[in-house]
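Enquirer: Take a look at the letters that make up each chain.
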Amino acid sequence: MKRITGIVTIVQESRFRLDPTPQRAPMLFLLSPDAPVEPQDLPALAETRRRVEVHYTEDASLIAAIAHDIRELPGRPG
Amino acid sequence: MTSVHPRALDFPQPFLDGVIPDEAELTAGERVEAGKSYGFFTDTTLCIGCKACEVACKEWNNLPADKDRMTGDSYDNTGALSAHTWRHVAFIERIGRRGGDSTTMPPYQSNWLMMSDVCKHCHNAPCLEACPTGAIFRTEFDTVVVQTDICNGCGYCVPACPFGVVEVSDQDGKAHKCTLCYDRLKGGLEPACAKACPTDSIQFGELSGLVTRAQTRVFELHAQGQPAAYLYGAPETPGATGGLDWLNCFFLLTERPEVYNLPAAPSRAANRVRPALAAGLATAGLLTLAAAALMRGGRA
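Top line first, the protein sequences correspond to chains A and B. Residue 63 in the numbering used here sits at position 63 of the first sequence, and the numbers go up by one each step. Residue 296 in the numbering used here sits at position 218 of the second sequence, and the numbers go up by one each step.
The reader is advised that the hints may include incorrect statements.
What the hints assert, rightly or not - According to the in silico footprint, chain A covers these stretches of chain B (three or more CB under 8 Å from chain A):
| id | region |
| --- | --- |
| 1 | 142-149 |
| 2 | 222-231 |
To be verified - If you only want the chain A side, here are some residues facing chain B, beta carbon under 10 Å, derived:
| id | residue |
| --- | --- |
| 3 | Ile7 |
| 4 | Gln12 |
| 5 | Glu13 |
| 6 | Ser14 |
| 7 | Pro39 |
| 8 | Gln40 |
| 9 | Asp59 |
| 10 | Leu62 |
| 11 | Ile63 |
| 12 | Ala64 |
| 13 | Ile66 |
It should be emphasised that the hints constitute simulated quantities derived from the structure, not laboratory data. Note that beta-carbon positions come from the ideal geometry of N, C-alpha and C, so glycine has one too.
Just chain B, same shape as in the assembly (with noise of 0.2 Å):
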């Protein structure tokens, strides 16, 4: 028998007046309060492919689709995360990879390995140390979001994010990224992709719990013989590398980050900024005292 919280029995009418109050805790068990950290818990074992995320935070963000097009690429027909793409279904096909067919299915995504993927909004977030407008912020749900009428297009943002998420748009010429929901944050309610999983694949949740939650499962799976199970992104685990100390949207993966489109060890781009500095004060100075020596040398 499925479970219902409590408090959804308060609101037996088909029809609302309103949003329900706290709202979160009845479709995500969970209060979102200001002051503590939410994010997403992504386990691709129990992703099926469906796209109701992809298709919720459009339809919520008010956010445009692509026009038709095939990439040929299995079923992911999105691509990859864009201005106007705020989560992407990743398909990837292993069918006669390793020596196998599509007639073995052995269990747990065998032949289709599919993520959805989102924004990590980082702990210590790149993109948000790259801006120097101050239009990139953390919220006070430990989120990282673009307020677009600060933006102003410099686009600094896109090659220090590590996972390829932050993109310029052509058309309105700010950056744009996944909030996170931020509005529905404000509001009490779950972000509209968590909500939408029908697989409970995407779970929204405060960091701590989630976390907890990622181990458990990473321990059932390899009970149940998946050994290869694990987590990315989580605190102390690989993806939470480089000075990024953790991701607030980490996944549970079963194949090396790589074969997911994820760097394998990601890095914060301020992490090269010294070195590259003093490479450079380093080759000003050479360069400074070849030319000192030439000139020295032209004169005798």
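Just chain A, same shape as in the assembly (with noise of 0.2 Å):
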């Protein structure tokens, strides 16, 4: 599974936007039902700007990645 890591900028109801690195394009994600958050675990996400890493897999059909896991990263928001 691949990883990654950014902030959560834009959400809406199970799809998210994560900002990652410097240098890199936005990336859109469906949650996948798997994930241990919820889909109203995500605003929280966007607000606090903390830097999240995501674990997601490619989808085949759409230009968007399926998450399976978000963790939130110590340090400060971002």
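Mind assembling these two chains? They're in different frames, but the hints should get you there.
Expert: Printed below as a string of structure tokens:
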């Protein structure tokens, strides 16, 4: 499973956009049913602007990735 | 000269500090207020197939695009409404049909019919009636919205929808459909698709005003030599059948509904519950009687 770190910027239902480290384009994620977080947990991640690590897989049919896990990283908000 | 809403003069600066209060009043001539019924009037005679509505919907709602694919079906590579596509501009080619060819171009979308399809936000919404968890609810703006945090992905809403709008996503296992930009309405904004439409083919507004506007447009088209124009889904018109009463998102069409991939006479799935239950009970009763008769015959 791939991993990426960044800041959650926009949340709509179970979809969220992650702004990764510089020089990488923002990525759109769909929250997988097996993820330990629920759609209602996502807005808080965007509000705190803490760096998170997303474990994801690519999707065969959509220009989006499927997030299987989101973990807050220690440190100050971005 | 283009008419400008008087309130627009209050905001001459190019960059604003925040959202304009009741912005829909400036863009759609409509102040969005809870307790009123809102919807779309989609006039297919004005649609130019630019797909700005599709893009605006995806952009605002953070919906993913499909990976590159060619359907081979005219200029329509979107294909259909889905869990991740809440607006779909249908291209219906009529070149060569009815003995016509590409060099003849009678007025009003003669060689292509284009229609921006969307959830109809039915007055009696079958998806809402079928939802066992209460995830689908009617908002204060009389629109129908799926709450994804409550949806358990059972999919009952999918066959209940007579228009094939709702879909359960393979990726997140939840049902999705157009929300009529519920978040934008709460903020006093016009839905993204209607705001982006350059020809006003998609008009947003309070339902009674929209219906009046649509009826006026039909009369105008009849007077201009397009007698085939009619409303689909407005009260007491085709599409508002089978107990649906009316669709908050209705259309002006110039061909039979089936040509646009719309059902000629949509109906609520709930209408079929009572006859189906009666048929089931009658079958069970008959089978019981038959079994009893066989057992009695065997003993004799």
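Enquirer: So, for every hint listed, does it hold in this structure?
Expert: Here's how the hints hold up against the structure:
A stretch counts as covered by a chain when three or more of its residues have a beta carbon under 8 Å from one of that chain; for the region 142-149 of chain B and chain A the count is 4, and the coverage holds. Residues of the region 222-231 of chain B lying with their CB closer than 8 Å to a CB of chain A number 3, which satisfies the three-residue condition for coverage. With a least beta-carbon distance of about 15 Å to chain B, the hint placing Ile7/A at the interface is violated under the 10 Å criterion. With 10 Å as the threshold, the beta carbon of Gln12/A comes within range of chain B, its nearest partner Cβ sitting at about 4 Å, so the hint holds.
Satisfaction of the interface hint for Glu13/A is found here, the shortest Cβ-Cβ separation to chain B being roughly 4 Å, below the 10 Å cut-off. A hinted interface residue such as Ser14/A counts as satisfied when its beta carbon comes closer than 10 Å to some beta carbon of chain B; here the least separation is about 5 Å, so the hint holds. Given the 10 Å rule on beta carbons, the hint for Pro39/A holds: about 5 Å separates it from the nearest Cβ of chain B. Of the supplied interface hints, the one on Gln40/A holds, with its beta-carbon coming within about 5 Å of a beta-carbon of chain B, less than 10 Å.
Annotation: Asp59/A was flagged as interfacial toward chain B, and the flag holds, the nearest CB pair being 6 Å apart, inside 10 Å. A least Cβ separation of about 4 Å between Leu62/A and chain B falls short of the 10 Å threshold, and the interface hint therefore holds. Using the Cβ-Cβ criterion of 10 Å, the hint placing Ile63/A at the interface with chain B is satisfied: the shortest such distance is roughly 5 Å. Given the 10 Å rule on beta carbons, the hint for Ala64/A holds: about 3 Å separates it from the nearest Cβ of chain B.
Below 10 Å, beta-carbon pairs count as interface contacts, and Ile66/A has one with chain B at about 5 Å; its hint therefore holds.
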